[in-house]
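Model the full structure from these sequences, guided by the hints.
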Amino acid sequence: MYFLFGILVLISFVFVILFSYRKKKKILCRLACMNPCEKENLLNSLLGPLGFYYESRWDVISSRTDAWQKAFGYLDAYNRAAPYLSMVFDSYPIYFDYEGRTWLVQIWKGQYGICTGCEIGLYYADGIVKKSDYKKTLFHAVGESDWLDMSVTLWKDGKRITSLDKRHWWLTVFDPGNFSRPQELSMDVSVHFRNYEFGRKLCEALIEGGIKETDIFWSCQSIFFHVPEGSRHFTLWQRFIRSVMQFKNRVYCRLFRFLTRCVCTNLDRILYLYFYLPRFLRHLLRHFSKQLKKVRRCR
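Numbering-wise (our numbering), the sequence shown opens with residue 20 and increments by one.
To be clear, the hints were calculated from the coordinates, so they are not data collected in a lab. Given the structure is predicted, the values throughout are model-derived calculations rather than measurements. Treat the hints with care, since some could be wrong.
The list that follows gives simulated cross-link-like pairs (lysine-lysine, DSS-like), each with its CA atoms no further than 25 Å apart [to be verified]:
id : residue 1 : residue 2
1  : K58       : K43
2  : K178      : K231
3  : K43       : K150
Simulated DEER-style distance windows between Cβ atoms [unchecked claim]:
id : residue 1 : residue 2 : range
4  : N98       : G177      : 35 to 43 Å
5  : Q240      : C48       : 17 to 25 Å
6  : L157      : P55       : 53 to 61 Å
7  : P55       : D85       : 19 to 27 Å
Using N, Cα and C, we set each Cβ at its ideal position, and we do this for glycine too.
Spelled out as structure tokens, the structure:
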């Protein structure tokens, strides 16, 4: 999704230059004639096959519970490859053993292409995994019976960007057009755990994973913790790649804001760029979304 947004911005920029004023008036008129429900349905028809949906409460994008990404689970290699796909984030893997298998609560915060965002995912291994094998093990996304009620609030320099709560296996929020450095972001997270033993193991793992004990709070069957500002440690090469990709992300964010300066919400901004595409490209995009939806159903 993050890569496709960049392509959408770039193609739209070309067509804005070629067909600026007249096209702009037609698109604004078209958006004005659509009610919020129609806009949301159109955007969700495009985002749905990619595993996402538009969250109208906060004007952000979030992940669906039936997202196709669930089939691929989690592997540490995904994090290592992410910067090459314009995803520059800090990662907090929280491992703990419970009921005969190793569990993983994976937390991310950072820049995803043109989106500032954060994620929290729930995964498990087939059995107990040794610490030395954590980064080589494929973790599976938890089944529906193991989903947890979670909430996340994303902050940037002390200002709240968004909040979201849901029973999920992979709770995410992405704010298009907002550029951030990972070290500027912090998160407040709550997880409603299954029982005392699960909560105790999770609490111990959070401390071991780098969360301060003073930033963890208990309440009945929920655990609350704060993921602070500040960045993780990276090699010289990783810092170089992250810097290059962040430069590109910043350019695309500014371009996105410039192109959509005549509308106010992310819902209108994305649809504005979508309508700027020539008809054959819009048809191609809808066809691509439908094909992805069919593939997901077959699984």
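Here is what the structure says about each hint:
1. K58 x K43: holds (17 Å)
2. K178 x K231: With a Cα-Cα distance of about 21 Å, the restraint between K178 and K231 holds, given a limit of 25 Å.
3. K43 x K150: violated (56 Å)
4. N98 x G177: 35 to 43 Å: Hint violated: Cβ distance 27 Å, outside 35 to 43 Å.
5. Q240 x C48: 17 to 25 Å: With a Cβ separation near 52 Å, Q240 and C48 fall outside 17 to 25 Å, so the hint is violated.
6. L157 x P55: 53 to 61 Å: violated (41 Å)
7. P55 x D85: 19 to 27 Å: holds (24 Å)
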